[in-house]
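2 protein chains.
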Amino acid sequence: MIEPRILKGFRDFHPEQAIARQYVISKIRNTFESFGFDPIETPAIEYLETFQGNIGEDEKLFYKFEDYGGREVALRYDQTVPTCRFVAQYQGTLTMPWKRYQIQNVWRADKPQKGRYREFTQCDLDIFGLETAAADAEAIATCLAFYDSMGFKDYTVKISDRALYAGIDYPVIAAIDKLDKIGVQGVVEEIVSKGYAKKEAERIINKIFNLKPNDTIKQIFSYLHAMGFPKETYVFDNTMARSFSYSTGPIWEVNIAKYTVGSVLGGERYDKLVGRFSKKDIPGTGYGLGFDRTVEAAVQFGLVPAVKTVAQVLMTIFEPSMLADSLALAQELRKTGLNVDTYTDPEAKLKKQLGYGDKKGIPLAIILGPEEKKAGITVIKNLRTGTQESIPATKAAERLKQLLAG
Amino acid sequence: MIEPRILKGFRDFHPEQAIARQYVISKIRNTFESFGFDPIETPAIEYLETFQGNIGEDEKLFYKFEDYGGREVALRYDQTVPTCRFVAQYQGTLTMPWKRYQIQNVWRADKPQKGRYREFTQCDLDIFGLETAAADAEAIATCLAFYDSMGFKDYTVKISDRALYAGIDYPVIAAIDKLDKIGVQGVVEEIVSKGYAKKEAERIINKIFNLKPNDTIKQIFSYLHAMGFPKETYVFDNTMARSFSYSTGPIWEVNIAKYTVGSVLGGERYDKLVGRFSKKDIPGTGYGLGFDRTVEAAVQFGLVPAVKTVAQVLMTIFEPSMLADSLALAQELRKTGLNVDTYTDPEAKLKKQLGYGDKKGIPLAIILGPEEKKAGITVIKNLRTGTQESIPATKAAERLKQLLAG
Chain A
1 MIEPRILKGF RDFHPEQAIA RQYVISKIRN TFESFGFDPI ETPAIEYLET
51 FQGNIGEDEK LFYKFEDYGG REVALRYDQT VPTCRFVAQY QGTLTMPWKR
101 YQIQNVWRAD KPQKGRYREF TQCDLDIFGL ETAAADAEAI ATCLAFYDSM
151 GFKDYTVKIS DRALYAGIDY PVIAAIDKLD KIGVQGVVEE IVSKGYAKKE
201 AERIINKIFN LKPNDTIKQI FSYLHAMGFP KETYVFDNTM ARSFSYSTGP
251 IWEVNIAKYT VGSVLGGERY DKLVGRFSKK DIPGTGYGLG FDRTVEAAVQ
301 FGLVPAVKTV AQVLMTIFEP SMLADSLALA QELRKTGLNV DTYTDPEAKL
351 KKQLGYGDKK GIPLAIILGP EEKKAGITVI KNLRTGTQES IPATKAAERL
401 KQLLAG
Chain B
1 MIEPRILKGF RDFHPEQAIA RQYVISKIRN TFESFGFDPI ETPAIEYLET
51 FQGNIGEDEK LFYKFEDYGG REVALRYDQT VPTCRFVAQY QGTLTMPWKR
101 YQIQNVWRAD KPQKGRYREF TQCDLDIFGL ETAAADAEAI ATCLAFYDSM
151 GFKDYTVKIS DRALYAGIDY PVIAAIDKLD KIGVQGVVEE IVSKGYAKKE
201 AERIINKIFN LKPNDTIKQI FSYLHAMGFP KETYVFDNTM ARSFSYSTGP
251 IWEVNIAKYT VGSVLGGERY DKLVGRFSKK DIPGTGYGLG FDRTVEAAVQ
301 FGLVPAVKTV AQVLMTIFEP SMLADSLALA QELRKTGLNV DTYTDPEAKL
351 KKQLGYGDKK GIPLAIILGP EEKKAGITVI KNLRTGTQES IPATKAAERL
401 KQLLAG
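First to last, the protein sequences are chains A and B. Read left to right, the first sequence gives residues 1 to 406 (our numbering). Read left to right, the second sequence gives residues 1 to 406 (our numbering).
Hints listed in this document are in silico derivations from the structure and should not be mistaken for laboratory results. Among the clues, some could well be false.
[Said to hold, decoys possible] Each computed BS3-like pair below joins lysine-lysine, with the alpha-carbon atoms no more than 25 Å apart:
| hint | chain 1 | residue 1 | chain 2 | residue 2 |
| --- | --- | --- | --- | --- |
| 1 | A | K231 | B | K401 |
| 2 | B | K158 | A | K27 |
| 3 | A | K27 | B | K335 |
[Unchecked claim] Derived list of chain A stretches under chain B, where covered just means 3 residues or more per stretch with a C-beta under 8 Å from a C-beta of chain B:
| hint | segment |
| --- | --- |
| 4 | 118 to 132 |
| 5 | 331 to 338 |
Positions of the beta carbon are idealized from the N, C-alpha and C atoms, including for glycine.
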C-alpha cells in the first residue's frame, strides 16, 4: 500500500474550497473582461533561460530539471516573464496597445508558511505598448474594481514610482521593500550588510521618508478620481519599493486592513522586460493578483458563498419501479438550469438517500412515488428543516427555484 | 537577447483560442454541476510513487525529477490516480457516494503529433463508492449531456465491459485497443510479439468479434434510455478495450464522426485503484474528457463563438479635455455588464483609437465630444460597417446591448 499524502507546500482543494476559488475566479474574469482585457495561456514548462536573469535574487526558487531531450527547463515561476516572451515572439500579430490577462498556477520552491505555498494561482493583468500614466491608472483601476466587486471593505492600493528612488541601488530598494516586515532598524541593518556605512543607510532611508508624489502619480490619481473610485482606496506610499529588479516606473500593492498575512496584489511598470526577448523594447505595466491570499481573505470576511456542494436538488428514487420516471424528471429539471443530484443506487432505501443529501449539504429533495405519479404531483422536502410540500409536477422547477432563492 | 520560443509539444494560446477554450470549460462545468458533481483540485506535483504502478506501459512518459529536498516527484500525469489518492486520504470525511469533477492540466513526455501535446487539459468526472450500473450510466449520461449541450452532431459513446474479456491477459487487451489504428493484422502481429502463437491470437480476436452485450451493459442502456438520450448516441462496441490496466468493469469512449484525430473521451470503472492507497477498496467509475481534442473539434464544426476579443465596446477619448467624462461613462457602462475597452493614451488621435478598436475586433465604439456632452448625447459607431447613430447618453447602455444582440 502506498501512503496517501501530498508534498509540503502543496494543497488539495475539497469541494467547499474549490467552489469558493471558482467563485473568486469568475469575479476576477468578469472584472478583467469588463475592461476589455483578453485571456491568454502559456505553457507550464518553458526553457529555463526564459526565466533566468529577470527575477532578481529569487532564482534559487525555480523548479527546474532536465527533460528527456536533455533541455534545461523550468516550471512557470511567474506570468510576467512568459508574457513578455509571448509579446516578443508574436509582436507582429498583436494589436497594440495589447491588453491581456492570464490565470494560471505558478511554482516556487519557497519555504512554506501561512499564506505561502509552493504551488499557487496567479491572476495577471497587463497592458503592453504604452508608456502613459493612463495605462498604469487603468491597470490600477481594474484592481480597485475587482476588490470592490467582491465586497471587500478597507482595502487600499498603495502607489509609488521607482523613478522616485533614482540613484538608489537595487539591493537597497529590495531592503526598503521589507520595511513593513522588519522595521526601520532591520532595513538599516540589511543595507549595512550590503556594504553601506550606517550613516549612508540612514541618509537613504530619511530621503525616502520625505518623498512626495511626482507628476506621474498625480496623473494616476486624477484618472482614478475621474473613474469614480473612492479617495480612501488609493494612497501614495513613499516607503513601498517592490522587490522585483525589473520595475521601471509606477509600482503598487493592494492591502486589506484586517488581512494580516501581507499584500494581496503587487504591480508595476516594466519597460525593459520585453527587450530581453526582442530587439525592440515594448513597455509594459500590470500586476499579479495573489489569488490564494485573496480567497483566504474573502473566506475570512464571509465574502464567498459558504456552500458544501453545487448540488441544489436531490432527485430520490422512491423504489426501483420509479427509476425511469425519476431519472426522466431529473433530466427535465436539469434542462431548466437546476443542479440535480441523484443517488445512483436504485436499491438504496429512501432514508439512506435523504441522509446522503443532507450530509452532502443539498438543500432540497424531490420524492416521486407511484401515488404521486398517479396524482401528477411531486413532493419537495427541505433537507435542512425537514418540512415538505406537494406540488403539481409541472410546477416543480419553478417552485424549487423559488425555494432556493428564498 | 534570449530567443523567444517555447518547447515542442507545448502551446501558447492567443486570445481567440483562450476565449474558445474558456467557453468550452464553462459548458463542461455547467453540465457536470447540473448533475450535482462538485469540483476539487489536486497538486501539479506529487510524490512519484503516487503515480507509479497504476498506468501500465506508459510510465516512461512521466515528467519526473528530484526536488530540492531530494524527493522523487512527478508532474500530474492524469487525474484519476491523484483523485484515488485523495479518496483514500480523506475517506473518513467524504460523503459517499462521492461525486467530483476536476479540470486541470496534465503532462506527458509523449511524441508530439496532431491532437497530442505534452501539456493538455483534462476534465475528469468520477463517482466513488458504488458498484452499480446506475453509477456507470450516470457518468456516461454526463458525457452525452455535454456533447449535446455543445451542439455536436454525430457523436457516439461506444460502450463495452472489461468483464467480457475475462481470461484475456492485459498485454493482449492493450493490443486489441489499437484495432482502430493498426487493423486486425496489426493486432494479431502485436499479440504474437507478446509471445502468443498466431493461431491463439486469431482465436482471441475471433472470440472478441463475437461478444454480445452483458446484463451490465443492457442496464446502462436502459438508464440512458430513461433519461431520454437518443438511441443512436450510445452503442455496444465489442472491439473496444481501453488501454488502462486498471479498468475493471464497463468501459466507454466518445467519438465524433467527422473528427478523425481519435476519440475525445475515455472512461471506465476501476474498483481496485483506491485500494492501492488504502486498506479498504472503494469502487470508482468515471472518465477523462479530452479537452484539447474537444475544443479542436468544436472549432472545426463552428460550435464556439468566433470572436477575437471579449471587448464589446470601445470608449474613445475624443480629446484630452474629454478624458474625465469618457472614463466616467466607460465605468458606468461596465456597471451595466458591458465589456468596455478604452485606448489608454489620451493624446492619441480619434482615428488611431478607432483603428485600434477595429483591428482588435471590437464591434462598437462610443464617441463623446464636447458638442455631444452639451447636447446630452453620445455617438455609437459600428466598427464593422462604419455606420453611426446619436443616442441620448442615458440610453447608451440599452442601445449598445440591442446592437450587440442583433
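Do the hints match the structure? See the list:
As the CA atoms of K231 (chain A) and K401 (chain B) are separated by approximately 31 Å, the hinted pair breaks the 25 Å bound. Distance hint between K158 (chain B) and K27 (chain A) is unfulfilled; the C-alpha atoms sit about 39 Å from each other, more than 25 Å. Distance restraint check for K27 (chain A) and K335 (chain B): the Cα-Cα separation of roughly 13 Å lies within the 25 Å cut-off, and the hinted pair is therefore satisfied. Closer than 8 Å: that is the beta-carbon criterion, and the segment 118 to 132 of chain A has 5 residues meeting it against chain B, so the requirement of 3 holds.
Counting residues of the segment 331 to 338 of chain A whose C-beta lies closer than 8 Å to any C-beta of chain B gives 4; at least three are required, and the coverage claim holds.
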